[in-house]
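Engineer: In case you want the letters, here they are:
There are 2 protein chains.
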Amino acid sequence: MGVERFDAVAYDTVAAIVNDLCCVGALPLVAAAYFATGSSEWYAEQSRTASLLDGWRRACEDAGCTWGGGESPTLPGLLAAEEIELAGSAVGALPAGRDPILGDGLQAGDEIVLVGSNGLHANGASLARMIAGRLPDGYATRLVDDSLLGEALLAPSIIYVPLIAALMERGLEISYISHITGHGLLKLMRSPAQLTYRIASLPPVPPVLSFLAEQAGMDAPAAYSTLNMGAGLALYCREGEGERAASIAVDMGLSALLAGRVEEGPRQVILEPVGVRYAGEQMQLGGEGSGSA
Amino acid sequence: MGVERFDAVAYDTVAAIVNDLCCVGALPLVAAAYFATGSSEWYAEQSRTASLLDGWRRACEDAGCTWGGGESPTLPGLLAAEEIELAGSAVGALPAGRDPILGDGLQAGDEIVLVGSNGLHANGASLARMIAGRLPDGYATRLVDDSLLGEALLAPSIIYVPLIAALMERGLEISYISHITGHGLLKLMRSPAQLTYRIASLPPVPPVLSFLAEQAGMDAPAAYSTLNMGAGLALYCREGEGERAASIAVDMGLSALLAGRVEEGPRQVILEPVGVRYAGEQMQLGGEGSGSA
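Protein chains in written order, with the numbering used here: chain B, 1049 to 1341; chain W, 1049 to 1341.
Mixed in with the good hints there might be a few duds.
What the simulated footprint calls covered on chain W by chain B, stretch by stretch (three residues with Cβ under 8 Å from a Cβ of chain B suffice, anywhere in the stretch; the number is not a length) [to be verified]:
1. 1080-1092
2. 1252-1266
Under 10 Å between C-beta atoms, here's a sample of chain W residues computed to sit facing chain B [claimed, not checked]:
3. ASP1068
4. GLY1136
5. ALA1138
6. LEU1142
7. ALA1144
8. THR1189
9. VAL1192
10. GLU1287
Note that these hints are calculated values from the structure, not bench results. C-beta: ideal position from N, C-alpha, C; glycine also.
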């Protein structure tokens, strides 16, 4: 694209990691980077390297953690000379006196708040590359809001750590948190609990996600179980607390809505606005494997 | 090769991680895996997957840590469908009441114990692949000890965690520890301290390493600054403590020798048996990037 945007990709990588971490109520302390290249020559292009490092650094700042080094192996034979693969890990700590949020307290009556995403959030990048590759204008394709596909794909993910920190500081009772990444809104039933998750309102879909779903020929059940479709994070709050959680998010500049509730019933997700029901067996625990590059 | 040896590769990956970690005196608590494939079909071959998981699990056991999950992204377009890339991370803790070993106490007079390696230790794998690729018999080439190149390359790395734990338990005064990986024995001056590291005795060189060095046309300065050449770990002990450290290692079934000492002088490494001197500027801190796949 002629512009160095490795900052956005690096930012997304950190965001994917720290957003997963803060779902258990732990706030990140240190993030480690893993940059694998096909050739160490990758780093010779200084503006590109500077962009990469800058994005990783800014994401650590926004997540409130230290960048604790990492590894940068050269893997010729596995990766092409012009390629870089980004991954990483982070360690966090629970605020003093708090138990981890593991979903034990999840129960019928809990309210589900969906916090808005602003695009891919690093999930579906391979699909996006495939689609861009077969479009006549590629990444320069204009979306319905007049933005360019390439730019929209590179919108840095939202980091939800400050939101989780604020909710805990204000003593809001959270019974569960799910980061909506791979498997889309199937992740609403990430917990193994035998409960029904009924969603009455969905957030607006970012144009880049409706474009990808349409180009990939996905119907609503496929799209909502592949992409985040505008919902980046699900907060499960005690009955009567959902509106307050949403307003704390909105006060922080995020979009959020009280979207539904947890009910007695079989393990399933019901998305009423789009007429979709996902049965429990569509989201099994273990070996999910959401991507990070 | 017709045999599933992904256990050895997985074991090596964990070993590379925990051996780095224990150099600061921290013992690993949890290791996370990162398995990236070109296609999720990689896992369909069950004996291969079982071998991979078994190696990772055994290495965690040998390092005394828990396998804490991880990520298994599919990265088509970056990795070929038949490829897998292994990486990971680990978190450890210092034994109660102990400070991290960061080298502040490193001083002239300290004794250097070299603990034996048993082969590549996951460093130089790309070089080994390149060399194997141009040999008429490839991985089936016989080495001087009659072993096969391929088998020797897959000898699982030694995990040094139990040794470090034992040395600390017995109250041995360790001023620094260096894990000899990328950059070979240049890593003896991993610390930025202005000190000279004089090595009077070197450990025996595993046949696979002398074979690779010879095939790559390396002279001693090149070989000893690329491969571990038989020295997997350097322990820097207070004067008079080196023999005891070496004998603790030998009692645990490792090979080890009191190899040299730290001296006043410019930052440099002197390997007397092979007539090699490395000046300080050959080993700068930061951005070292040792490999992990």
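Engineer: Determine for every hint whether it applies to the structure shown.
Structural biologist: Cross-check of the supplied hints:
1. 1080-1092: holds (count 4)
2. 1252-1266: With 0 residues close enough to chain B, the hint is violated.
3. ASP1068: ASP1068(W) check passes; min Cβ-Cβ to chain B is 9 Å, inside 10 Å.
4. GLY1136: At 8 Å from the nearest chain B Cβ, GLY1136(W) passes the 10 Å test, so the hint holds.
5. ALA1138: ALA1138(W) check passes; min Cβ-Cβ to chain B is 9 Å, inside 10 Å.
6. LEU1142: violated, 14 Å
7. ALA1144: Interface hint status for ALA1144(W): violated (18 Å vs cutoff 10 Å).
8. THR1189: violated, 19 Å
9. VAL1192: For VAL1192(W), the interface hint is violated, since the closest Cβ of chain B sits about 26 Å away, which is over 10 Å.
10. GLU1287: violated, 31 Å
The structure is inconsistent with the numbered hints 2, 6, 7, 8, 9, 10, although it conforms to all the rest.
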